[in-house]
Structure formats: structure tokens, C-alpha cells
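Visitor: Those protein sequences? They're chains A and B, same order as listed. If you count by my numbering, then the first sequence holds residues 201 to 882, one letter each, in order. If you count by my numbering, then the second sequence holds residues 201 to 882, one letter each, in order.
Interface residues of chain A toward chain B, partial, derived using beta-carbon atoms under 8 Å:
#1 F259
#2 W372
#3 G377
#4 D725
#5 G783
#6 D861
Mimicking DSSO-like on lysine-lysine, the simulated pairs with C-alpha atoms at most 27 Å apart in a straight line are:
#7 B:K857 with A:K327
#8 B:K247 with A:K871
#9 B:K721 with A:K211
#10 A:K794 with B:K714
#11 B:K720 with A:K794
#12 A:K268 with B:K871
Partner residues are not named here, just some residues of chain B that face chain A (Cβ under 10 Å, in silico):
#13 K268
#14 R378
#15 D642
#16 D729
#17 K794
Source of the hints: derived by calculation from the structure; they are not laboratory data. Here a beta-carbon is modelled for each residue, glycine too, at the ideal position from N, C-alpha and C.
Residues per chain, in single letters:
Protein chains: 2
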Amino acid sequence: GSELLVAERAKSDIPVQKLHELLLTKEVIERKQRILAILKSEKVFDKSQNYFSGRMERFERALAREKKLQLLKRKHKWTLDEFRTASELVGEPGPYGLHESMFRITIAGQGTPEQQEKFGKAAEAYKIIGCYAQTELGHGSNVRGLETTATWNSQDKTFTIHSPHLTASKWWIGSLGRTANYACVMAQLIVEGKSYGPHPFIVQIRDMKTHEPLENVHVGDIGPKFGYNTMDNGFLLFNNVKVPHENMLARFSQVDPKTNKYVRHGSPSLIYGTLTWVRSTIVMQAGSVLARGVTIATRYCAIRRQFQDRDAPEWEKGENAVLNYTMVQIRLLPLLAATFALHFTGKGMMNLYQENQKRMNQTNTSRESNKRGAGPEETESGSDILADLHATSCGLKALSSTIAAEGLEVCRRACGGHGYSSFSGIGPWYSDYLPTTTWEGDNYMLTQQVARYLLKSARAVLKNPTPTNDTTRILSHFQSRVNIGCAFDILGSDEDIVAAFAWRASFLTFEALKHRDEQKKPWNDLLVDFYRLSKAHSQYLVIKNFYDVLRSGEIAQSTSPPLRTILLKLFQLFALHTLEQEGSEFYVSGACSKHQIMLARTSAVMNLLKEIRPHAVRLVDSWGFDDWVLDSSLGREDGKVYEDMFYRASELNPLNKVTVDPYPESEVLFKKVEGGYGKSKL
Amino acid sequence: GSELLVAERAKSDIPVQKLHELLLTKEVIERKQRILAILKSEKVFDKSQNYFSGRMERFERALAREKKLQLLKRKHKWTLDEFRTASELVGEPGPYGLHESMFRITIAGQGTPEQQEKFGKAAEAYKIIGCYAQTELGHGSNVRGLETTATWNSQDKTFTIHSPHLTASKWWIGSLGRTANYACVMAQLIVEGKSYGPHPFIVQIRDMKTHEPLENVHVGDIGPKFGYNTMDNGFLLFNNVKVPHENMLARFSQVDPKTNKYVRHGSPSLIYGTLTWVRSTIVMQAGSVLARGVTIATRYCAIRRQFQDRDAPEWEKGENAVLNYTMVQIRLLPLLAATFALHFTGKGMMNLYQENQKRMNQTNTSRESNKRGAGPEETESGSDILADLHATSCGLKALSSTIAAEGLEVCRRACGGHGYSSFSGIGPWYSDYLPTTTWEGDNYMLTQQVARYLLKSARAVLKNPTPTNDTTRILSHFQSRVNIGCAFDILGSDEDIVAAFAWRASFLTFEALKHRDEQKKPWNDLLVDFYRLSKAHSQYLVIKNFYDVLRSGEIAQSTSPPLRTILLKLFQLFALHTLEQEGSEFYVSGACSKHQIMLARTSAVMNLLKEIRPHAVRLVDSWGFDDWVLDSSLGREDGKVYEDMFYRASELNPLNKVTVDPYPESEVLFKKVEGGYGKSKL
Ligand SMILES: Cc1cc2nc3c(=O)[nH]c(=O)nc-3n(C[C@H](O)[C@H](O)[C@H](O)COP(=O)(O)OP(=O)(O)OC[C@H]3O[C@@H](n4cnc5c(N)ncnc54)[C@H](O)[C@@H]3O)c2cc1C
Ligand SMILES: Cc1cc2nc3c(=O)[nH]c(=O)nc-3n(C[C@H](O)[C@H](O)[C@H](O)COP(=O)(O)OP(=O)(O)OC[C@H]3O[C@@H](n4cnc5c(N)ncnc54)[C@H](O)[C@@H]3O)c2cc1C
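The task is simple: from the sequences and hints, build the whole structure.
Guide: Here it is in C-alpha cells:
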């Protein structure tokens with residue numbers, strides 16, 4: 201395969217390194233390389249047995265890796281960014297995962313200075329190792345329905361943490377199963393018989409020395425999963441466990457130990473900021489997550505040859521690289537375009553968020569924290585950018601993680617039979633990524649939040665057409681033109697593509713508003729429409745963001761015209777392919793004519809495939825995945841696919857040490873195991 | 201959850217047993233129950249460790265199960281049907297799989313009577329255990345590109361089997377990795393320097409006593425996969441291995457040992473019959489494969505409660521079963537309808553095939569075997585039912601396995617977080633099913649065969665409009681009405697729904713014909729259109745078959761009017777939901793108006809969801825999956841979901857025997873393992 205990839209790379213003049221820098225920045229690239237070198241030199245990170253090991257072995261090795269990462273962090277004095285880079289490069293969930301990402305952050309965000317001093321410091325030093333225990337066996341999305349209680353005892357100034365039913369058992373809690381000795385437990389606060397809703401409590405669950413569960417704590421790992429098996433997601437039941445007053449995280453509310461009254465200090469609107477931030481990172485990650493699969497599949501399909509082209513001239517009758525078949529291209533190249541679209545969209549959102557955050561911090565923090573309510577439903581729509589960002593981040597999280605997850609499976613399948621081997625590297629990666637569609641807001645349910653926001657925005661526009669943010673801008677524009685109609689030149693003008701997506705989203709918004717406000721349809725009857733609406737609006741956002749980036753000064757300065765041309769083609773492919781897939785909505789809304797949609801499909805998209813095809817390998821190269829990171833036979837940078845598959849199968853595969861007795865009459869199963877890797881050691 | 205499922209069942213009057221019998225027949229139900237009782241009483245089939253074990257352990261247990269099945273088969277004198285039922289109930293691929301399904305069948309189908317006597321008998325007795333070695337590392341779909349050679353040696357009347365390159369290594373071969381001692385090897389036959397294409401050879405590969413590979417045979421397991429890990433898919437390389445003349449399967453062609461000439465005896469058209477049969481079973485199985493996922497998700501979503509309905513009256517403010525949310529219904533209920541649609545379609549095809557086969561065998565076997573060419577491309581289109589069946593079975597295999605595979609993932613995700621647990625039972629099942637989209641013809645590539653057939657049929661119709669089978673019938677009808685147009689009442693008449701699907705498929709056929717024959721577009725440029733065309737035609741076939749069954753005498757006799765009504769609603773839901781998803785094609789073809797598609801979506805489909813919802817649990821009950829078969833906490837018939845999840849996690853999960861040392865400074869990972877399940881035994 202080597203010479204085939206060399207030839208592919210020779211066919212295109214995309215400046216790989218330039219594009220790589222545009223995607224990641226020089227700084228990040230340098231950081232990655234530096235840290236990768238360190239990781240590669242440590243034996244514990246050797247990946248050669250990853251695909252072969254069972255759960256126990258994988259978990260054990262993951263723990264070893266997490267420990268080593270901590271030691272390396274201390275040794276090299278890694279910054280948080282550097283540490284995160286290292287984790288990302290290791291590329292598997294690890295048993296310290298939730299301690300790092302949620303336990304420490306919750307203490308930092310919701311603890312008082314004293315609590316940060318007490319718990320935060322110990323957590324930073326890995327004296328206490330925590331997890332974030334919100335979800336229960338019976339409740340996930342509906343946090344208000346949690347059953348674990350924390351009852352205030354006014355006599356001894358403690359809280360009793362209790363799980364009244366089996367369904368109150370905490371469940372799915374990352375790092376809890378075997379690793380954590382502390383948990384941040386979300387429990388219904390009960391003071392003098394009255395419930396105040398879920399609040400966070402820091403609870404010790406295992407002995408600091410023996411690591412055995414404390415009395416009245418029943419804790420363990422919840423068992424094997426579709427993926428994520430290097431993580432010990434756990435369960436946790438409390439039988440009336442007492443914790444002191446100081447263990448309720450009290451930055452935003454507490455029980456006054458003197459008066460036994462529940463007191464609020466401002467409102468935790470910052471938490472919604474964090475959520476927005478987390479979701480924006482998911483959007484950006486979706487691009488690179490998908491890019492792994494696209495890299496693997498594109499390289500493999502460029503070296504995989506199968507059949508001759510039926511119409512090829514006699515002198516070209518060699519077998520055809522399957523990437524030349526349009527049916528392979530239509531599966532992979534729009535996904536290649538999507539990697540860039542999602543990456544730039546996530547980046548754009550994060551920039552916007554940070555700018556806005558800065559501005560807010562400078563001017564009027566106090567106003568903000570007083571006026572904003574507890575949840576996103578209560579924010580004033582159409583009036584500020586943060587509300588817009590919050591809602592759009594919900595929709596984009598759902599859309600982008602769906603595109604990435606489903607796209608990975610498309611990539612896997614594009615590799616034919618070999619895609620099914622673990623050595624493809626796509627399947628294991630897909631399995632680990634999949635929960636992203638469910639956590640941080642189930643992708644289907646998030647769409648309700650988006651719809652709610654859009655409905656409010658539409659109502660605001662009907663009252664006052666002056667736009668206050670991008671959402672109200674497009675709604676207002678639509679409203680002013682709806683009776684005139686539109687005529688977008690989607691095949692001739694990129695700007696018109698963006699406008700057509702805006703039009704369709706606006707159309708669906710006002711349709712939904714009619715159903716809800718005029719026809720008074722029940723909320724539940726509209727969920728499917730809301731889902732479509734959210735998808736339409738989020739697709740618009742991706743298209744718009746991608747387009748804005750391509751027109752931006754940064755791109756103009758840092759790219760050559762040929763590179764800009766190909767990026768623009770990727771934009772068009774992503775946009776027109778999406779448009780064509782959702783054809784009937786564009787048609788019904790009047791954003792496009794039947795003829796335009798037909799042309800987009802049969803002509804524009806097919807032409808774009810042809811134009812992008814020669815650059816496919818260089819375009820995936822520009823994502824810059826190291827072979828060590830991809831851990832894929834099919835996706836090797838040097839194209840030595842078959843050699844690598846063969847090596848892994850015949851040299852590394854432990855099953856080949858076994859000689860079986862194949863005859864049904866014999867009770868012997870494994871009659872010989874080389875090197876004594878015997879039955880009991882499975 | 202128990203009482204919730206009881207209540208669900210009380211809400212509906214679907215006669216579960218009647219419908220169960222309609223689906224499976226009394227005979228099959230009785231057989232299943234009888235065999236299930238036997239399996240349950242054998243300890244080796246106990247499933248409790250399935251989800252926990254690593255590959256080695258699973259493979260070993262799978263081998264034990266396969267052996268036991270053989271012994272039971274002998275003991276109980278099972279028929280082939282009974283044995284297949286047993287395998288299906290065990291529900292996992294096993295190391296004898298390809299011996300049973302392909303090795304023996306190939307000998308029976310392509311061997312001479314002497315070869316059947318020699319190899320077939322030994323195979324039947326499991327003295328020799330075989331596999332079917334066609335695919336190579338470098339070639340799968342393109343069988344003509346295989347690189348393994350079988351060169352005729354005229355001196356000693358033998359063949360030399362050889363793998364000239366690494367890419368010639370057989371790969372993916374089920375049962376080969378560890379189990380088989382023989383292989384049926386497809387190799388390029390070379391006689392006196394001339395190549396005659398791939399032919400089947402019976403080759404011994406392992407010693408009958410020691411089970412060690414024979415000299416010059418390099419064989420082993422190809423390693424872990426996304427699923428199918430209880431099977432030892434293998435690789436196989438030959439270094440000039442000689443086999444005697446009698447080892448080339450010679451029913452259809454052979455090398456005359458006296459003249460050294462290659463001789464054909466008639467043509468292997470029967471093989472295409474077998475392929476058609478195999479694909480028809482895939483279609484029918486797709487229904488029940490999907491039904492497992494739908495059963496699990498429907499039951500779970502009926503007991504899973506989350507949130508209150510926003511519009512519910514005050515007195516109904518309890519939490520809502522998530523199956524009540526329309527956004528859950530729209531994901532599950534069309535799939536529920538699909539289970540019936542696919543089942544009846546597969547059954548219909550198999551009946552048609554059998555009838556036709558019988559008729560052909562009676563009348564003129566000789567004519568048939570002389571006149572038919574070697575491949576489906578060469579059959580005369582529009583002239584007989586077998587050609588139609590062959591082509592339609594390709595399209596239906598692709599459509600149905602795609603619906604089933606992707607539907608399973610939709611079911612899994614509908615279960616929220618718990619769907620990700622192996623205990624859901626959906627994920628592991630999905631992983632094992634997935635290769636069905638790739639083998640027996642890659643789903644994307646099969647669509648080219650369908651398109652080719654449809655183009656030929658269209659050409660035939662243009663020459664002579666008298667229809668000879670259903671495909672030419674609909675094409676001819678379309679052709680006669682195309683200038684007049686159509687006006688189908690898709691929301692009022694079921695027959696018109698079928699007609700609308702026929703119209704759209706015909707429209708796309710003639711469009712494709714125009715592109716190919718008039719505009720002379722290259723084949724490769726049309727692959728995407730062909731894919732759509734095949735999908736459209738196959739959807740028509742499913743709709744038509746489902747509808748025909750519902751109108752048939754059998755249904756009229758064996759079902760009560762209320763049951764017929766609900767089956768009809770399932771038909772409508774499947775049809776209108778599909779139609780709405782493919783809206784733009786229906787619109788563009790003129791089969792429906794914009795308004796109809798809007799109404800189908802916002803009104804008809806939503807109403808059908810409402811009407812079917814109360815019957816959902818009973819409808820899945822009627823598939824009659826035993827809990828032992830489903831092996832799912834979420835899908836339990838009694839609804840005891842949470843108890844079962846908890847039991848499996850806390851009692852069965854081996855990871856909970858381990859106590860870790862959680863601190864980064866300590867090199868100890870597992871500091872205690874209960875019951876001595878120690879590090880070395882992973
Ligand atoms: C690998 C993994 C790791 C996790 N780690 C953690 C962790 O560390 N800590 C933690 O606290 N949690 C964790 N979770 C839990 C996760 O946050 C929840 O699973 C997630 O929030 C979904 O909730 P649920 O499972 O209750 O789904 P449910 O809410 O039960 O959803 C079930 C189905 O109902 C639908 N549905 C529910 N309500 C509605 C509605 N109102 N309208 C329409 N449809 C509805 C959903 O779309 C879904 O299809 C983890 C989960 C996974 C899979
Ligand atoms: C679990 C499993 C078990 C198997 N068991 C066996 C077995 O027992 N015996 C055996 O012999 N084989 C077996 N196989 C192999 C299987 O039959 C092949 O993998 C299958 O035929 C696909 O071929 P391929 O892998 O070469 O795909 P390829 O042909 O290499 O396909 C790669 C990609 O190219 C596309 N493509 C290829 N050609 C074209 C074209 N002309 N036009 C458009 N697109 C094209 C495909 O759609 C696909 O996306 C098994 C495979 C699996 C996964």
C-alpha cells in the first residue's frame with residue numbers, strides 16, 4: 201500500500217502542515233509532539249495488547265496509566281492544558297477521569313473558600329479521589345426526580361445521606377466502582393420536613409487506608425458496557441450515613457446551623473456557563489473524533505483495490521482503488537467536510553463564549569448573578585448572547601455528537617470486512633465515544649430546550665422585530681420577507697446557501713409557534729417537530745460558522761488561494777449534501793425549488809466529490825494523527841495495511857497460543873496452551 | 201416495574217398467542233419450547249457469565265456449547281430444523297458455524313457423488329471439520345480477483361495450492377482460526393499456464409490427531425473483532441501444498457486427468473438459487489433480529505419513568521413512562537412495524553422461491569440448466585420469476601439488514617444510559633449482527649445488481665410492454681401513465697400507498713435509464729443514483745409484500761377484526777413513515793403532493809403512533825422471546841429491570857472482587873482479589 205499513498209499525496213498540492221497549523225495552532229502542535237514523545241517512551245502506555253485484553257486486564261492497565269500520568273505531570277510540572285493533551289493522546293477513559301473532570305471542578309465551582317481549602321487541596325494532591333454521583337438507577341435526565349435524600353439533623357448539625365429505595369442507588373458514576381474514596385453526591389436536601397431539591401454533598405465512601413467501603417455504604421462497579429470498559433462506572437447505596445455540616449457544598453446555598461434555615465446566596469448561574477462551555481468542547485471534539493475515523497477510512501480506501509471500473513479504457517484495466525467509486529466517496533467525503541465544519545463551529549462558539557464571559561466579568565457581574573434565574577428556561581430570550589449561546593450549545597451538542605458517532609460507523613462500514621476487525625481502530629473508538637450522545641443531555645431531549653428557546657425568540661420578534669442576537673436577526677428577517685418569498689441561488693452563491701439554511705430554520709420556528717400558540721397543541725405532540733426544528737437550526741449554525749470562518753481575516757492571511765478554494769469546496773459539499781438530505785424541508789419552506797434540489801444532488805454534489813477526491817488523503821493528513829494515536833492497521837500513514845494486520849493477528853494474538861480438540865466427542869477443549877497460558881488464566 | 205407491565209398488558213386486547221402463532225406457526229412454537237427446555241437444563245448453556253468474559257473464555261465456552269449441541273443432536277435425533285432452532289436459541293456464533301452452514305453445503309452442492317461419499321460423510325460425522333475459505337486479505341467482494349492458485353500438475357495428477365503474496369492469505373474465514381482441520385479453498389485454477397477462474401478445493405490443513413497445522417500451512421485466528429468473538433475467524437497461507445485430483449469439487453467442472461483439459465458439466469446456476477435462498481432467510485431473520493431490540497426497548501420504555509408531562513392535569517402529575525413521549529414513540533413504533541413488515545416479506549419471498557423451485561424441478565430442469573448463464577447479469581430480464589427473485593433478494597437483503605442493524609442501535613439509544621450497559625442485551629446482539637450488512641454481498645454494492653436488473657427490465661418494457669413479472673408490471677404501468685400523471689390517495693387508501701411506492705420506484709428506474717442510455721453517463725457516476733433506486737424498489741417490495749399478506753386469505757381466516765385493524769395500522773405506520781422520510785423522492789416523482797407529505801408527517805403518522813401506543817407491549821410480547829433468549833435486564837417480561845441490573849452488577853460482576861490501591865504514588869494496582877482471582881488470572 202505504501203506506493204499508493206505516496207501517489208495519492210503526489211496528486212494534490214494541499215499544504216498539509218499549513219492546514220494542520222490552521223486547525224490546531226503551532227503551539228498545540230508543539231505541545232502534542234513534546235508530550236507524545238514522553239508517552240511513547242513509557243512502557244505502560246504501550247498499546248499492543250489493548251485490543252486483545254479482557255475487562256479486568258484493561259481496567260488494571262488503565263489504572264496503571266492514570267497513575268503514571270499523575271507522576272509524569274508532577275515530574276514535568278505539566279500545566280492543565282499539557283495534562284489534558286497527555287490524556288487525550290492516551291486516548292482511553294481512565295479511572296481518575298471523573299475525579300479530574302467533575303469532582304474537582306464541582307468543589308471549585310460550588311464550594312466555599314473553606315471547602316476548597318479542605319476538600320479541593322486534598323483532591324488536587326490525590327489524597328482524596330472523588331467522583332460525581334448524580335445519576336441514579338431510576339433517574340438520569342430528570343435530576344429533580346432523584347431519590348437520594350440528605351436530611352438535616354438540627355441536634356447534631358449533620359446531614360443523613362440515605363437511599364430509600366433500590367432505584368435511589370447511584371448508578372453510572374464514573375471512577376466510583378473501584379477507584380474513588382470520596383463522592384460528590386447529589387441528594388434531595390430535606391430541612392425540617394421540607395424538600396429543597398437536589399444539592400451537592402461531599403461524602404467519604406471508602407477507608408483511606410484499606411480502601412474498603414465504609415460501614416453502611418454499598419458500592420461497586422456496574423459491570424461491562426458497550427465501551428468505556430477501562431472506566432469503573434459504579435453504583436452506590438447509603439444506609440443512613442451521617443456527614444458533618446461542612447460537607448454540603450455551600451457557595452450558593454446552605455443550611456444555617458444556628459437557625460436551621462435554608463439560605464440561598466445568589467444563584468448558581470455560573471453552572472450554566474460551565475455547561476455551555478462543556479457542550480462547546482463537545483462540538484469541537486466531535487470534529488476531531490470523527491476525523492480519526494475519516495482518516496482511517498480514507499487512507500484505507502485509497503489503498504484498497506477491488507474490481508475494475510466497468511467503463512475504464514482497456515489500458516487502465518487494473519483494479520480500482522475503492523475511494524474512486526462514487527458510492528464510497530458519497531459516504532466519506534461529506535464526513536471529511538464535516539470534520540472541518542464541526543471543528544470550526546466549536547472553536548467559534550468557544551471564542552464567542554470566552555469573549556462574552558470576559559466582557560461580563562468586567563462590567564457587571566453582580567447584575568448578572570442577581571437577575572438570572574436558576575435554569576435556562578427562565579432566561580430572557582432574545583436579549584443577550586449568553587442565552588443564545590446556551591441554547592445553541594444544546595442543539596449543537598446534539599447535532600455534532602450524532603454526526604460524529606454515526607459518521608464513525610459509516611467510516612467503519614466503508615472499510616468493508618476489515619472495518620469489523622478491532623485492528624481497524626474505528627470500532628473500539630466508536631464504542632467509547634457513543635455515550636456522548638446520551639450524557640451531558642440526551643441528544644433527543646436537548647432538542648426540546650432549543651425549541652423552547654426558539655419559540656421564545658420568535659414570540660419576542662413578533663413583539664419587537666429589532667434583533668438582539670443572531671437568532672432574532674434571522675427570525676426577524678424571515679418575518680419581514682415571508683409574504684414576499686425568497687429566491688436563493690444555492691448553486692451559485694455561498695452566501696445564499698447560508699441564507700437558505702436560515703430561512704428553513706426560521707420557517708420551521710414559526711410553524712412550531714403556530715402549532716403551540718395558535719393551535720394550542722400539547723407539548724408532547726410537538727416533540728417530533730421540535731426535534732426537526734432543533735436539527736434545522738443547528739445545521740444552520742454549523743453552516744454559518746463554517747462560512748464565517750472561511751471568510752475571516754485569519755483564513756485570508758494564513759492560507760494560500762488554492763487551499764482556500766478547497767476549503768470552500770468542503771464547505772459547499774457539507775452544505776449541499778446536508779441540504780439534499782433534508783430536501784423536503786427546504787422545499788416545503790420555499791427556501792429552494794424542486795429543481796435546485798435535484799441539481800444539488802445529481803450535479804453539484806457529484807462534481808464536488810470529483811473535485812475533492814484528489815485531495816482526500818492530504819486533507820486527512822492535515823489532521824495530523826500520529827500512528828501511535830490511531831492504533832489502526834487500516835489507517836497507517838505509510839499504507840502498510842496488510843503487513844500490519846498480519847503481524848497483529850499472527851504475532852500478537854493470544855488465541856493463537858491455544859490448540860483445541862475439535863471433535864464433539866471429546867470433552868477436552870483447549871488441549872495445549874503454549875507458554876502455559878492456561879485455562880485458569882483467561 | 202412489574203405492575204407497570206401488567207397495566208400495559210391490561211390496556212390492550214391484542215391476542216398475543218394468536219399473533220405469535222401467525223408469526224411463527226404452532227409447529228415452530230412447539231419445537232422451540234421443547235428444545236428450549238433441553239437447553240436450559242444443560243449447565244454449559246448458562247449465560248450468566250457471557251457479558252463478563254474475555255475473548256479466550258468466551259471462545260472456549262462457545263466450543264463447549266457447540267460440542268454439546270452435537271451430542272444433543274445425536275441423542276435426541278434432531279432434524280436439521282430442530283438443530284437450527286437449538287443454535288438460534290443459544291444465540292451466539294460458534295466455532296462449528298461455517299462447517300455446518302458452508303463447508304457441508306458446498307460439498308453437497310458442488311461435489312460429485314463420490315466426493316459427497318468421501319468428504320460429505322466424514323463431515324457429517326464431524327471426523328473432518330471444515331470451513332469455507334474464499335475471502336483473502338486483499339480481496340473480498342471481487343471474487344475473480346482472488347490470488348490463491350491451484351495449479352494442475354499433469355505428471356502426478358495433483359493440484360498445487362499456493363499463496364503467492366501476503367495479500368493472498370485467506371482471511372475472515374469462520375471456524376478456520378482454531379477449529380477446522382479441513383478447508384474448502386477457493387483458488388484460481390491454472391491448467392497448462394491458463395487460468396480458469398476461482399474453483400473450490402478441499403484441502404486438509406491440520407493433523408487429524410494432533411490438530412497441529414500441516415507442513416507448509418500457516419494458519420491462525422485473525423484476532424478480536426467488533427463482535428463475533430465467539431467465532432475463530434482465521435487466516436490461511438499455503439506454501440505449495442499438493443492435493444490429489446479428487447479434491448477439486450467436480451460437479452460442474454473438472455480437469456480431465458487423462459487429457460489434462462478443463463471440462464465443464466453444465467453450469468452452476470443452482471448456486472445462484474442457493475444465494476437467493478440465503479438472502480431470503482436474511483430478510484426474514486432481519487425481522488426477528490430487530491424484534492429482539494424492539495422488545496427490549498419497548499418493555500423498558502414502558503416501565504422507565506422520567507419527568508412529568510408538561511401539559512398533564514394536576515391530578516396526573518406522576519412521572520410519565522418515557523414510551524408516552526412522542527419522541528420515543530417515533531423512534532420505536534415504526535421499528536416495531538418494521539419487524540412485521542420484514543418478517544412477512546421474507547416469508548413471502550421464501551414461499552415464492554420454493555413454489556418456483558418446485559415448478560422448475562417438475563417441468564424442465566434440463567432446459568433451465570442449459571439456457572441460463574453463469575451469473576445474474578446474464579439472465580434474461582423480465583422473462584422469468586427466478587431472475588426477478590434473485591435481483592429483488594439482493595436489494596431486500598441490503599435494505600432489511602440495514603434496517604435491522606441501524607434499528608437495533610436506535611433501540612439501544614432509546615433506553616438512555618442503561619442502553620449502554622451490556623445488561624441491556626442490545627449492544628452485544630447488535631455487535632454480532634453487524635457483519636450481516638457486509639457479508640453475503642456488501643449492502644452498498646448489492647444495489648448495483650438491483651439497478652442493473654431494473655435497467656434491463658425497463659429496456660425490456662420499452663420494447664414490449666407486456667409484463668412478465670411484478671417488476672415489469674409496475675414499470676409498464678408507469679410508462680403507460682407517465683404523461684397523464686397520477687393522483688394517489690395515500691392518506692385514504694392503502695392500495696394507493698402501494699401504488700405510490702411503485703410509482704416512485706418506476707420513476708427512478710426510468711430516470712436512471714435515461715442517464716445511462718441516453719446521456720451515456722459512466723457507470724461509476726451513477727452509483728449513488730443506483731443506491732437510491734435499489735432502496736426505493738426494495739421499499740416498494742416490502743410495502744407490497746406486507747400489504748399482500750394482510751389481505752391474504754390466511755390472515756382473514758386466522759385473525760379477528762381488531763387484530764387485523766392493528767396490523768393494518770402497523771402497515772400504514774411503516775409505509776407513511778418511510779414515505780415521509782423519503783419525502784423529496786415521492787414529491788419529485790409526482791407520486792405525492794407537498795401537502796400530502798406534510799399531512800403524512802404532522803398528522804397521519806402522529807395519529808398512528810397514538811393508536812398503536814396502547815398495544816405496544818402486547819405487540820412485542822407476540823414475538824414470544826423467552827427471557828433466557830433475550831438475556832436482558834431491560835427487556836424482562838416481568839419488568840423487574842432494576843432488581844436484575846442490580847443483581848448482575850453486584851453479584852455476578854468479577855471486577856467487584858478486586859480492591860485497588862487508588863493512590864498515584866503506589867505502584868500496587870490490585871491490592872486484594874477476593875477468592876484469589878488474582879492478577880495473573882485475568
Ligand atoms: C458511560 C456513561 C457514563 C456516565 N457517567 C456518569 C457520571 O459520572 N455521573 C453521573 O451522575 N451520571 C453519569 N452517567 C449518566 C448519564 O448522565 C445519564 O445516563 C444521562 O443523563 C441519560 O439519563 P437516563 O439514562 O436517565 O435516560 P432517561 O432519561 O431514562 O432516557 C430514556 C429515554 O427516554 C427519553 N426521554 C426521557 N425523558 C424524556 C422527555 N421528557 N421527553 C422526551 N423523551 C424523553 C430519552 O430520550 C431516552 O430515549 C453516565 C452514563 C453513561 C452511559
Ligand atoms: C464477521 C465476518 C465473517 C466472515 N466470514 C467469512 C467466511 O467464513 N468465509 C469467507 O470467505 N469470507 C468471510 N467473510 C468475508 C466477507 O465475505 C467479506 O468481508 C465481504 O465480502 C466484503 O468484502 P471486502 O471485505 O473485501 O470488502 P471490499 O470489497 O474491500 O469493500 C470495501 C469498500 O469498498 C466498497 N466497494 C468495493 N467494490 C466496490 C464497487 N465495485 N463499487 C462501489 N463500491 C465498492 C464497498 O462498498 C466497501 O465500502 C467474513 C467477514 C466478516 C466481517
